[in-house]
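Engineer: Hey, can you work out the whole structure from these sequences and the hints?
Protein chains in written order, with the UniProt record's numbering: chain A, 1 to 829; chain B, 1 to 829.
Just so you know, nobody snuck in bad clues.
List time: in silico DSS-like cross-link candidates among lysine-lysine, alpha-carbon distance up to 30 Å:
(1) A:Lys89 / A:Lys142
(2) A:Lys142 / A:Lys234
(3) B:Lys234 / B:Lys142
(4) A:Lys89 / B:Lys234
(5) B:Lys288 / B:Lys277
(6) B:Lys89 / A:Lys234
(7) A:Lys417 / A:Lys277
(8) B:Lys89 / B:Lys234
(9) A:Lys89 / B:Lys89
Just so you know, these hints were derived from the structure itself, not from any lab.
There are 2 protein chains.
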Amino acid sequence: MRYGHFDDEAREYVITTPHTPYPWINYLGSQEFFSLISHQAGGYSFYRDAKMRRLTRYRYNNVPADAGGRYFYIHDDGDVWTPSWMPVKADLEHFEARHGLGYSRMVGARGGLSVETLFFVPVGVNAEIQKVTLTNTSDAHKRVSLFSFVEFCLWNAQDDQTNYQRNLSIGEVEVEPESPTGTAIYHRTEYRERRNHYAVYGVNAVASGYDTDRDTFVGAYNGLGEAAVPRDGKAGNSLASGWYPIGSHQLDVDLAPGASQTYTFVLGYLENPRDEKWEPADEARGIKPLQVLNKTRAHELLAQFATTEQVDASFAELQAYWTRLLSTYSVTSTDAKLDRMVNVWNQYQCMVTFNMSRSASYFETGIGRGMGFRDSNQDLLGFVHLVPERARERIIDIASTQFADGSAYHQYQPLTKRGNNDIGSGFNDDPMWLVAGVAAYLKETGDWSILDEPVPFDNEPGTEVPLFEHLARSFDFTVDNRGPHGLPLIGRADWNDCLNLNCFSWEPGESFQTTENQAGGVAESVFIAAQFVLYGREFADIAERRGLDDVARHAREAVAAMEQAVLAHGWDGQWFLRAYDYYGTPIGTDADPEGKIWIEPQGFATMAGIGADVPTDAGVSRAELALDKVEEMLGTEHGNVLQFPAYTSYQVNLGEVSTYPPGYKENGGIFCHNNPWVIIGETVLGRGDKAFDLYRKITPAYREDISDVHRLEPYVYAQMIAGKEAVRHGEAKNSWLTGTAAWNFVAVSQHLLGVRPEHDGLVVAPCLGPDVPEFTVTRVARGATYTIRVQNSGVRGAQPRLTVDGTEIEGTTVPWAPAGSSVAVDVVL
Amino acid sequence: MRYGHFDDEAREYVITTPHTPYPWINYLGSQEFFSLISHQAGGYSFYRDAKMRRLTRYRYNNVPADAGGRYFYIHDDGDVWTPSWMPVKADLEHFEARHGLGYSRMVGARGGLSVETLFFVPVGVNAEIQKVTLTNTSDAHKRVSLFSFVEFCLWNAQDDQTNYQRNLSIGEVEVEPESPTGTAIYHRTEYRERRNHYAVYGVNAVASGYDTDRDTFVGAYNGLGEAAVPRDGKAGNSLASGWYPIGSHQLDVDLAPGASQTYTFVLGYLENPRDEKWEPADEARGIKPLQVLNKTRAHELLAQFATTEQVDASFAELQAYWTRLLSTYSVTSTDAKLDRMVNVWNQYQCMVTFNMSRSASYFETGIGRGMGFRDSNQDLLGFVHLVPERARERIIDIASTQFADGSAYHQYQPLTKRGNNDIGSGFNDDPMWLVAGVAAYLKETGDWSILDEPVPFDNEPGTEVPLFEHLARSFDFTVDNRGPHGLPLIGRADWNDCLNLNCFSWEPGESFQTTENQAGGVAESVFIAAQFVLYGREFADIAERRGLDDVARHAREAVAAMEQAVLAHGWDGQWFLRAYDYYGTPIGTDADPEGKIWIEPQGFATMAGIGADVPTDAGVSRAELALDKVEEMLGTEHGNVLQFPAYTSYQVNLGEVSTYPPGYKENGGIFCHNNPWVIIGETVLGRGDKAFDLYRKITPAYREDISDVHRLEPYVYAQMIAGKEAVRHGEAKNSWLTGTAAWNFVAVSQHLLGVRPEHDGLVVAPCLGPDVPEFTVTRVARGATYTIRVQNSGVRGAQPRLTVDGTEIEGTTVPWAPAGSSVAVDVVL
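Structural biologist: Quick look at the structure:
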């Protein structure tokens, strides 16, 4: 069952009913001002930091779900409704919500009135624009009132929902009934003291009334759907003093039959220098010092959007921004779902993940997380081709939080860019992710100068060393922290944050990651070993190209030794082990009744080629056997579960992984983040058909038809789909902000479609089986444009033959062309 | 305007409309299990710790307000309503909510059906009992369905509202459609792992259906008022798996005309030892190990409330508990408002403050606070006569967090009883509050053995010294930490947490209390000086009675020196200064345009008698002049504001006090906590008429008639009433959990009515002006009962003449009588 459809031309997902199983959302904003918006206009806005600079209030896990957002109420001769359906929920004769790239559009119609709303954050502007058009579709003259509504958050989103002793006394607003461009409401709570910022909510017309006090607008004990002012059709002109400040304008609209009227609302964030905070005192006007907000900057902002022409131009600029961004990689194939994921939605999700740093979604409250060292490096794999200059900046930020011994803070704070002491260090896969991120950056850009950038340790001035040295420390840290089998020590956790082999916890609420009470130098991770083999080779390559032959040779020896350790001590007979626990006992072995086989080491080992040339009794290589077993034991129609069988009881020696009910999250859920590792692993083994099958199981566009089962957005990945042992198998959770987006884009663009940057050129080596017989990839890299036409037999083992600008070449690497040039590549396999 | 009335006989406040300006609440529970309940049945329950063991979910600052609680839906032939009005809000033909002592009762009637609900937590039981009686008041037979509803919190209330990535996957329940006593729902989220506790929600009848999944019961995008199952009249028998677990029973009820039916619901908290968590495996019944919760203890709990007789007996026991508790101090006078406050509501509030430690109210979310060192000592003044044995325990707990130098953690954690490192120390009034608390305990009980109790510093085993030594360290700390004028250094703050003289903050969100960036040994507090004079004398008295004459003499000298310092450097000419700031500049002086005069030093200095015998040019003593100025400059019809004029702009050298809009909170709000200091101060000066006038301005029962202005409960104190410079002058905020309750009880019981325990006996010295010409106080103290009949002229300066058991005595101290005896005291003044 579906609740809408893709509009590929417009690059929009069109939701045709308000009654989706869960609010389906979108993100507005591309630099510093961001909004979350659901198909029902729910959500909130913030400036840079979703915790510290929250403009509007949103209540998570509310009843009704998704109550709170930017709403427009219509009062039409006593009939009250909202074109976004929520919150009034009056039946609509027509409803449509379109989520596009950085904007959302909703149309609702009822009783001869159609209301179209467009929401976007312009490029380079710290404001959400809300363009509202009312059209009289009836035969009669209409006089209706339009009421806007936002509820202000008192800036610090955490404090806002906890500290009522203070907060209910501090709310302050100002209103300009007649601002230079219409009517403007100012939210200035705490501006009287230390805040030098305020919010404005303006409309480009003089309103007939306004409200800023929630109790006046909504009425005591009412829900937003029963708001008193829209019901009565008359604004209260209320001025909030403490309690709950809101912003609402009343606009009375006369519409002849067929006529339309457009208004633009602007919700903006502004800062004033400390010595320009206030209007100058003016006794004649009754203005005392420090009483009246200096609104100059707000007036300048509002003046930018005073006319519909200005708004439309700004919106066109936003669309051009996205067209430009997404032109780097695109495909045209016989599979429309593949095309829309690759060209639009997967890359879009990668950019949103970049912008949000996984901090704010409908599953992340925006108050909890720093930026992950591991997360950010992985996310970078998915956006480095889109915004390489910003990827460069992020790499430097990340590396600056590394410790001198090569270990790393697991998280750092986006505003200060300093490591998060609450979480600390000890996630032993962290260091090598830095190598992965830098290698991807080098391949994409060829910008080797980054390796010479001076980068400190733990942000300490004076400790700067060239970035390359950070990579070396990452490498050495892993080599220096190995356990009894020569495999890397796992520390607090590796990629699987919930596999906690050194924390034995019996206290509810205790952190499994930071309560490291059993650190013993025994527990080892086969996953980190495989990761080391993969990215250790990248490090050796980089060293070699930097002319450090000794370093490179030494690195290759360490990688070879690690590979041998995996083969000797990380193989269970039919698949790779997951780890050794605190007692030195293997995890992920057929000998155990639960958790016999885990996905992560199978994926990473095959990605790294470990065991690809080691035969087994089954007549296939170890790598092949491992992935066969993945399919057999972990496979479901919704993708591969993380491990099997799931744990049915708490295992104190394993930690959080065993706390989830079977089939959920890391305990046998389908983690969409690590499925692409298997997809890539299958391509390494040349089994493109299996790879593409798995891709299609977890990729949202292919799951659109089962939206009633999947429940979350069919245009973006979720972190997890409930596994085969779950009560609600196939149901997704935690959409949008997950490394899934980056890894799937790597899998589909670089390995299935097979177009990937390498140091010496653009490799073209498709591997996706026979279901996509023809496709064309357009890739812009290092300033040149490559048009790659592929005839794809999909036959296993077929080697691609490349013709570059009419000349057949050896191998699969198209040499880098000069910036500005165009290269035609024809591929047959 | 009123929204109900007092029922003095029943000791209840009766709310006769659901439409109070704000939810008016009550507390259930007296030991370990507590509930908050509004007049609309909103609120939540917890076991011991409102943060860590939250049973049910509640959303603060929600829209609609107060959505979430224990609800009973009626489905009557398609008509759906709730007898608590919320959440369905269907019109009721009759509504009444009665808040009593540890219980609340609501009656709603509609369409010929009356539903009475009684909520209470029995003494010694970890459960909320919900007794529901349906009565058919119509002439026709009725068949209706009753649906119960609670929403489970996933135990940790903070995590519950923030960590959705995890929480939406872990919810687990079990249902016993036919338990031994009816139908029982079990909430066992995280029980599979480290929690050894679970919740049960049972009813003493076999239900016709149940629900445990919120989306099934409520329906997507519905509010609680539109819940789908009650609307459809048919339970879904849903089993929650993740998302949002709830508990709901459906009971189908046949009622002949005039007939009634009663059900009892029990919401309980239970713990199982780790080795008894699970039912034994039983293959025949399909039970695997570690799958089925061991429900033995829940069954035992439910069996205690299986019949209405059991429930009624338990309720009677609760009522007897409160009657016993409140018999310690009571008054019968010509002023009914005075009587109901003294006899019932003020003492009840003191007990609730004791139980809650100010942690959970409709203004405190239950997740933020530890127990205050200062707070708990002050609160103790209000409950030591009610539960002296528990006061003793608390004193030891508090003193155990003191540091060896006499300073103290400002807060400590109720579960661990250890000091809170996040807040730390440096609130320089803290130490002397310990003396105040212990002195009150000694006077109430005569239990001098407490001074010999070994009590550690900072909870470090091995550091124990007798409690008396802690008092000495408190005293010495204050003496040893004085500034240039010989006045005590203020540290981070004194009683006024918002007067931050050593923290200059320009960063929004920075704590004014812990960001102590200007500590310079200059800023001094006149308030602490006066506090030291008052409680330093108590310390000297205690030392003397302990036979430590040198210590006592030394202490009296230090007190005298402090008094001289106040007179020399703490007097502004017409009133007492408030403090000296970081630069040594006086605060609270007529020379300043704002913050000229502050209430705290005027109150405490006159309480301590400072300046009572120092004449002024005005012809009155300094103390009298100070309180005259308080009345003139701080007085309003709603009580005295904290300082005047309020600050209109941020003063970085004063801190948080200047961040509030004028008239709110510490910036010129009417702080009900420090008004009693002035009341007591007036009685010290013999001006009982002024004292009683002020008492009546802030005391809720006297404000009942302006409930539309006051807005909060008319039966308990609020922390603050908006001051004369506020936009909403007279409006109260932060009701229930405030030191206001304790201080007003001290003021009215010990100083206005004038019956107070001293070391040598019960002092009887009324001082309340002429408006209460006759009253009788019954006081139980040290096991004896004193019946004190007062003829009160109210004439200023009149000295009470006491006749004890028929014999006139000298002075005002009735010597302590043996336990078990009765003493008749007749007083004429």
